[in-house]
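So the protein lines, in turn, are chains P and G. When the first sequence is numbered by UniProt numbering, its final residue is 244 and no position is left out of the sequence of numbers. When the second sequence is numbered by UniProt numbering, its final residue is 244 and no position is left out of the sequence of numbers.
If you're looking for bench data, these hints aren't it; they were derived computationally from the structure. Possibly wrong hints are sitting among the right ones.
[Stated by the list, open to error] Residues from chain P that keep clear of chain G, each with C-beta distances beyond 10 angstroms, as calculated:
#1 Y13
#2 S37
#3 R39
#4 F41
#5 G59
#6 R61
#7 I135
#8 L144
#9 R224
#10 L233
#11 S236
[As the list claims (entries may be wrong)] Using C-beta positions, here's what the derived DEER-type ranges look like:
#12 G:K225 x P:E176: 27 to 35 angstroms
#13 G:K225 x P:Q64: 51 to 59 angstroms
#14 G:H206 x P:Q64: 16 to 24 angstroms
#15 G:D92 x P:T186: 25 to 33 angstroms
#16 P:Y169 x G:G200: 34 to 42 angstroms
Note that CB positions come from ideal geometry on N, CA and C, so glycine has one too.
There are 2 protein chains.
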Amino acid sequence: MLTNIRIVLVQTYHPGNIGASARAMKTMGLTDLVLVSPRCFPDSEASRLAAGAEDVVDGARVVQTLEEAVSDCVQVVGASARLRSLPLPHFDEPEAMAQELVAHAATDPVALVFGRERFGLTNDEIRCCSHQVSIPANPDYGILNLSQAVQVLAYETFKAWRQRPDSQYRQPRPAEERQPTREQLTHFHEHLGRVMQASGFLTQPHARTEVQLQALFARARPSRKEISLLRGLLRSLEESVKDD
Amino acid sequence: MLTNIRIVLVQTYHPGNIGASARAMKTMGLTDLVLVSPRCFPDSEASRLAAGAEDVVDGARVVQTLEEAVSDCVQVVGASARLRSLPLPHFDEPEAMAQELVAHAATDPVALVFGRERFGLTNDEIRCCSHQVSIPANPDYGILNLSQAVQVLAYETFKAWRQRPDSQYRQPRPAEERQPTREQLTHFHEHLGRVMQASGFLTQPHARTEVQLQALFARARPSRKEISLLRGLLRSLEESVKDD
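So here's chain P without its partners, still in its complex pose:
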């Protein structure tokens, strides 16, 4: 599915942006890069900024026109910072765009197209697109660097893919800590209550304070190890209080 998603960069001026875009793509599982008439390519700046994504740069296809780059695609989304007067269907939210793009990519090639750093896409190039998307930004300063725009839209694309049941993406998680039983928690709270009384903080069982503390620890969800640690602390406090 992600292999069906193509990133197309049109007439990129700075080769560094090509490298940084390749890196952005690869961190989000995308590898199909096509360059339309790049100004300077291949270039050492592209390789340098690519960091560990040089394979994406090296595998990039170079073509002369946007038409060649997307002719086999069933959906072509032009990323544009500026609203156009052409009434192409427009996604206000990259999230919505990504969900549709990934859905189509299940069966056919699709493309996300980015224009020149300064000038974006021409009207003719917009005509090669089926949709437009913009990244909602600061109204006073809303033009993202090209590779940053690639990163954001690639991020939303990867997110849309992850959230599909058929992607089978597994969130890496550290090994779960074991949780204490209700009985262990009760013993802990009783112990805490005894120490609060022994220290003179409470002169008698005080339901409200104890309930508040139970709520606090319920939110904290201490693991068994942590309860153990706290009970060790409570025992030391009990000893010190007795010695006074």
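Using the hints, position chain G against chain P.
Then chain G, alone, in the frame of chain P:
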């Protein structure tokens, strides 16, 4: 609200990353930048990569320790590419992190902390944090460039803010095209039906074909101007068909 959200960069190695991060911040409405012991700052690379966000770079506060940078904050989220063994509350999804961060920022300063390019944050620095967040990425290549990570988390932060009813963010939209009335649409479809028959495509009214075309145009939602254009085309076709 957005002014309460601080971006903290710890011991950044490449000044270019400071500039690119400042630009990423500003596109997403964030301006409070704090640098903890940057290796090279001020630096022309930082200004160059900042593009139109030099004001954010120039206004950056420089401190010696992370503690100084965040002491007044009520929530401090450490951005970490690597899962830590320290059981700090962890956000799997930047989206969820951003919603909480923005909610707290309504009343108090909060911070998003980014570590060194190669080494991230130290365990002592993680201890200055209340939460961790990671950006879900390609398991085979998941380390985003520092300024790209800033862009993605700033983007989610701005999105969380926009989506709050109290932000009063207005999506810029081109002027709405007027929609045709049901009657105008009916006349269009009748006209289309006549042309299909006149051309020999249909030998008689064909409910299924007509219903399919009505569904297509219902999805396309032609504006009044577009219906007008189509009817002009249909009239020309009618004329040509008659002349045959």
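Now the hints, each set against the structure:
Every C-beta of chain G lies more than 10 angstroms from that of P:Y13, the closest at about 13 angstroms, which supports listing it as non-interface. For P:S37, the non-interface assignment is confirmed: its Cβ lies about 24 angstroms from the closest Cβ of chain G, beyond the 10 angstroms cut-off. For P:R39, the non-interface assignment is confirmed: its Cβ lies about 18 angstroms from the closest Cβ of chain G, beyond the 10 angstroms cut-off. For P:F41, the requirement that its beta carbon stay farther than 10 angstroms from each beta carbon of chain G is met, with the minimum near 20 angstroms.
With a minimum CB-CB distance of about 14 angstroms to chain G, P:G59 clears the 10 angstroms threshold, and the non-interface call stands. No beta-carbon of chain G comes within 10 angstroms of the beta-carbon of P:R61; the shortest separation is about 20 angstroms. In this structure P:I135 is not separated from chain G by more than 10 angstroms, as the shortest Cβ-Cβ distance comes to only about 7 angstroms. Taking the minimum C-beta to C-beta distance to chain G, about 5 angstroms, the non-interface status of P:L144 is violated against the 10 angstroms cut.
No beta-carbon of chain G is positioned within 10 angstroms of the beta-carbon of P:R224; the least distance is around 12 angstroms. Separation of P:L233 from chain G is adequate, the least Cβ-Cβ distance of about 17 angstroms exceeding the 10 angstroms criterion. Every CB of chain G is more than 10 angstroms from the CB of P:S236 (nearest about 22 angstroms), matching its label as outside the interface. At roughly 60 angstroms, the beta-carbon separation of G:K225 and P:E176 lies outside the given 27 to 35 angstroms, and the hint is violated.
Checked against the hint of 51 to 59 angstroms, the C-beta distance between G:K225 and P:Q64 comes to roughly 35 angstroms, which is inconsistent with it. Hint check: G:H206 to P:Q64, Cβ distance near 44 angstroms, so the stated range 16 to 24 angstroms is violated. The given range of 25 to 33 angstroms is respected by G:D92 and P:T186, whose C-beta atoms sit roughly 31 angstroms from each other. Distance hint for P:Y169 and G:G200: a CB-CB separation of about 53 angstroms, inconsistent with the stated range 34 to 42 angstroms.
Violated hints for the displayed structure, listed by number in ascending order: 7, 8, 12, 13, 14, 16.
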